[in-house]
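Participant: For this one, chain A is given, so just place chain B on it according to the hints.
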Amino acid sequence: MMNKSRQEMLQYINEVSFVVDDTKLFLDTHPDNNEALEHFRKYSRMRNDALKEYARLYGPLTVDLVSESNENTWTWTEEPWPWMGGVC
Amino acid sequence: MWIYEKRLQYPVKITQTNPKMAQVIISQFGGPDGELAASMRYLSQRYTMPYKEVAGVLTDIGTEELAHMEMICAIVYQLTKNLSPEEIKESGFDKYYVDHTLALWPQSAGGTPWTATVFQSKGDPITDLHEDMAAEQKARTTYDNILRLIKDPEICDPIRFLREREIVHYQRFGESLRIVQERLDSKNFYAFNPEFDTGTCNCGRK
Numbered sequence: 000m001m002n003k004s005r006q007e008m009l010q011y012i013n014e015v016s017f018v019v020d021d022t023k024l025f026l027d028t029h030p031d032n033n034e035a036l037e038h039f040r041k042y043s044r045m046r047n048d049a050l051k052e053y054a055r056l057y058g059p060l061t062v063d064l065v066s067e068s069n070e071n072t073w074t075w076t077e078e079p080w081p082w083m084g085g086v087c
Numbered sequence: 000m001w002i003y004e005k006r007l008q009y010p011v012k013i014t015q016t017n018p019k020m021a022q023v024i025i026s027q028f029g030g031p032d033g034e035l036a037a038s039m040r041y042l043s044q045r046y047t048m049p050y051k052e053v054a055g056v057l058t059d060i061g062t063e064e065l066a067h068m069e070m071i072c073a074i075v076y077q078l079t080k081n082l083s084p085e086e087i088k089e090s091g092f093d094k095y096y097v098d099h100t101l102a103l104w105p106q107s108a109g110g111t112p113w114t115a116t117v118f119q120s121k122g123d124p125i126t127d128l129h130e131d132m133a134a135e136q137k138a139r140t141t142y143d144n145i146l147r148l149i150k151d152p153e154i155c156d157p158i159r160f161l162r163e164r165e166i167v168h169y170q171r172f173g174e175s176l177r178i179v180q181e182r183l184d185s186k187n188f189y190a191f192n193p194e195f196d197t198g199t200c201n202c203g204r205k
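Protein chains in written order, with numbering that gives the first Met the number 0: chain A, 0 to 87; chain B, 0 to 205.
Check before you lean on any hint, since a few could be wrong.
Stated by the list, open to error - Dumping the calculated EDC-like pairs for lysine to aspartate or glutamate here, alpha-carbon to alpha-carbon at most 16 Å:
| id | chain 1 | residue 1 | chain 2 | residue 2 |
| --- | --- | --- | --- | --- |
| 1 | B | K5 | A | D63 |
| 2 | A | K51 | B | E4 |
| 3 | B | K12 | A | E7 |
| 4 | A | K23 | B | D59 |
| 5 | B | K5 | A | E77 |
| 6 | B | K51 | A | E52 |
| 7 | A | K23 | B | E174 |
Claimed, not checked - Which stretches of chain B does chain A cover? Using the computed rule of at least three CB atoms under 8 Å from a CB of chain A, they are:
| id | region |
| --- | --- |
| 8 | 1-11 |
| 9 | 54-65 |
| 10 | 163-176 |
Keep in mind that the hints were calculated from the coordinates and are not lab data.
A virtual CB, placed ideally from N, CA and C, is assigned to each residue, including glycine.
This is chain A alone, in the form it adopts within the complex (with noise of 0.2 Å):
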């Protein structure tokens, strides 16, 4: 996690956060798979972990990060918004 960009940990949540996503589909039709239940409980805590660290570096992603980042105003709109393009 050191030394990473914004781009670089946007990059790695999104990966971690897709396998978490696409893990969670399977188990809702294969709920006794403990491979699965194992897979997705490892990259479950790679993206919270990630999660947090973001939010420490650049801002919260999800509205229970917010206490995380420390930030004395309320910054939850400010730009950038995700279908813009920029960063996220």
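Facilitator: Frame of chain A; chain B shown alone:
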């Protein structure tokens, strides 16, 4: 039931406008087989789906489709950013522009406004899952058609991602259908409708 994350599920970074392509791609927003239709279909069907796993699939995939709708809108938004009146006239985008300027509005490429008539929520698990499997294939074909029309890698990249997800969703709905069939009368799947006929649900996990 929704929390959102401030990122697209897959990045959309388009540096070159193209209003002609925007007019085509908008069909995956407001067209008959687009992402808005998909999300509304699954999120509508889930309420009366008696099998928890399948209600979960419908909720989770329906949610993912909202994220896909957002990606399509980001693509159209970036393809039409800062267009000049000349570019608008020249590309034929003027017909959309006059009613919506550069805003996103759910319609098909041909101009048909989005309507609930593009999907069904029929209240029978076998029927609804077939509807869902068909929807994923229709969406996949639409992406195939889009990919035959565009070669710009900045556009093709997120489009290919979306196309792949349709195939995975189709797989999940197929599995959901099998789960439903296991709970029905094996001698006659149509003997009863577990969403309606009382006492026939057999809803617990096997």
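Participant: Look at each hint and say if it fits the structure.
Facilitator: Hint by hint, here is what the structure shows:
1. B:K5 / A:D63: The hint holds at about 12 Å.
2. A:K51 / B:E4: This hinted pair holds, its Cα atoms lying about 13 Å apart.
3. B:K12 / A:E7: 15 Å, holds
4. A:K23 / B:D59: 8 Å, holds
5. B:K5 / A:E77: 11 Å, holds
6. B:K51 / A:E52: Answer violated: K51 (chain B) to E52 (chain A) is near 35 Å, above 16 Å.
7. A:K23 / B:E174: Distance ~14 Å between K23 (chain A) and E174 (chain B) Cα, so the pair holds.
8. 1-11: holds (count 10)
9. 54-65: holds (count 5)
10. 163-176: holds (count 5)
Against the hints set out earlier in the document, a violation occurs for number 6 only.
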